[in-house]
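Please put together the full structure from these sequences, using the hints given.
The lines below spell out each chain.
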Amino acid sequence: MTEVKLKLSGVTKAFGKQPVLQGIDLDIAESEMVCLIGPSGSGKSTLLRCMNLLEPIDDGVIHLDGVDISEPGLDLRPIRRQIGIVFQSFNLFPHLSAMDNVLLAPLRVLGKSKANADGQARELFTRFGLANEMHKYPDQLSGGQQQRVAVIRALAMQPQIMLFDEITSALDPELVEEVLDVLRQLRDAGMTMVLATHEMGFARELADRVCFLDQGKIVEQGPPDVIFAAPKHQRTRTFLKSVLR
Amino acid sequence: MCRSSSDRTPLNRRQIFEARQRNRSIVIAGLSTIAFVLILYLAVPLAPGWERVKASFFNGEIFVKTFPTLLEAFLLDIAIFAWSAPLIALVGLLIALCRSTNAPALFPLRIFGALYVDIFRGVPVVLVIYLIGFGVPGLGLPRPWNSPYIWGTVALVLTYSAYVAEILRSGIESIHPSQRSAAICLGLSERDAMRYVILPQAVRRVVPANMNMFVALQKDVALLSFIGPVEILRQAGIYKSLLANFTPYVAAAVIFLAVTIPATRYADYLLSRERNDRS
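Residue numbers (my numbering), protein chains in the order written: chain F, 195 to 439; chain X, 1227 to 1505.
If you're looking for bench data, these hints aren't it; they were derived computationally from the structure. Only a predicted model underlies this, so the values are computations on that prediction, with no experimental measurement involved. Glycine included, C-beta positions come from ideal geometry on N, C-alpha and C. Hints should not be assumed to be uniformly reliable.
To be verified - Ranges between beta-carbon positions, derived for each pair:
| no. | chain 1 | residue 1 | chain 2 | residue 2 | range |
| --- | --- | --- | --- | --- | --- |
| 1 | F | Gly235 | X | Arg1250 | 56 to 66 Å |
| 2 | X | Leu1297 | F | Arg316 | 51 to 61 Å |
| 3 | X | Val1485 | F | Glu368 | 46 to 56 Å |
| 4 | F | Leu304 | X | Ala1340 | 34 to 44 Å |
See below:
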């Protein structure tokens, strides 16, 4: 944890008059795994969507590798390529097979050769235990498999950072673990990751740092041991009590 | 569901009840149909003009005599349909894309798309055919550019592509925005997101609705008879004058139905399958 990969300074965002993010400062180091926790509506998802510029920010600055990527009017496509995101609802393309879902962007955006992209995709499918599923269509896959395909699709662009927006929340309980395993593998491979999650056990097990968000602000952050065992703020305590029970 | 098992095991009381209900429905439906047909069969000939109508609309001899020529004339309808349909699909797609664009530079296109759809959906097909079919050749264009085939086709394409464009646009709008987001997040441009992600799904979704449009087109091709081409309706008209009998019109209707009924049924089948897929 040496170099700062992604740096957010004073990021604010409002939907209409409704403030969603109110001055977020956050440094994410290379190979770090940061978990965002907090009640629904606290701004976790919006924060992730601002990080890859899917939502334009109202104020503040975002640096990727020291370069200001939040400058209005910038061509966002080369930036988005470097920041992969996986959504709660998978968002696979239903008319394409798992393989074609993964191949679309490497072929169309990176201009890779079919053979090259195909080889890399096969490697990823094998690595995440989906070698037998890659020619199936999304509706022939379980939720857990679909979500793993979505992760593979994002990884095929060889991003520098991966963002995960509550990727296990839409899954049946017995399918959660296979998706979390994928995250464990990525963690071992040294991927820089930011997760919005409700899986407290998982956050506690793997995160380098946990940030508690409430009402668009980072209320408290620190190593999971500290946040979960001895939270300083009353709001953090109340939230953790309600989710851990 | 388990017919084979019900052969072996005795029916439970629910099954017995349902079987009785089913039989009852079949008997009632059969009886009421027979009664209905019987009444028609007995009542219609009682009408004072029946004998005359029968002679001038349902003359078997004339039917047999005119049928082959009418069938041949129908080939022209099919030909006009065959070259109009792909043009309609193409123009419809272009107009739909015009209307779905957001880029400010393409604003005129969006306005054009909206205007186009408003105008050609707002005017009766016959009127468009008359105005274009007689109007444009009236400019004194040299042969073959004054052909009613060309301008009749243009009129059909203009009208039908307006409808097809609206159907396609509704398809495009029915694709959840998260699909676009997902494509954009992978680094795809707006254009590629439309081309590879949204449009393929949208087109598939509106195939049944467009099938219905094309069934309607198959019928409306006959309207070109008003501006010249001797297709089936015109041919039937010629026979009517020649033989002073309306049976050729009935024959023409039979020929149309032979094509449109299967096509409509197929469209309905696609539509219900689509509905089942989505639910």
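Status of each hint after checking the structure:
{"no.": "1", "hint": "Gly235(F) <-> Arg1250(X): 56 to 66 Å", "in the structure": "holds (57 Å)"}
{"no.": "2", "hint": "Leu1297(X) <-> Arg316(F): 51 to 61 Å", "in the structure": "holds (56 Å)"}
{"no.": "3", "hint": "Val1485(X) <-> Glu368(F): 46 to 56 Å", "in the structure": "holds (53 Å)"}
{"no.": "4", "hint": "Leu304(F) <-> Ala1340(X): 34 to 44 Å", "in the structure": "holds (37 Å)"}
Going down the numbered hints, you'll see the structure goes against none, and every one checks out.
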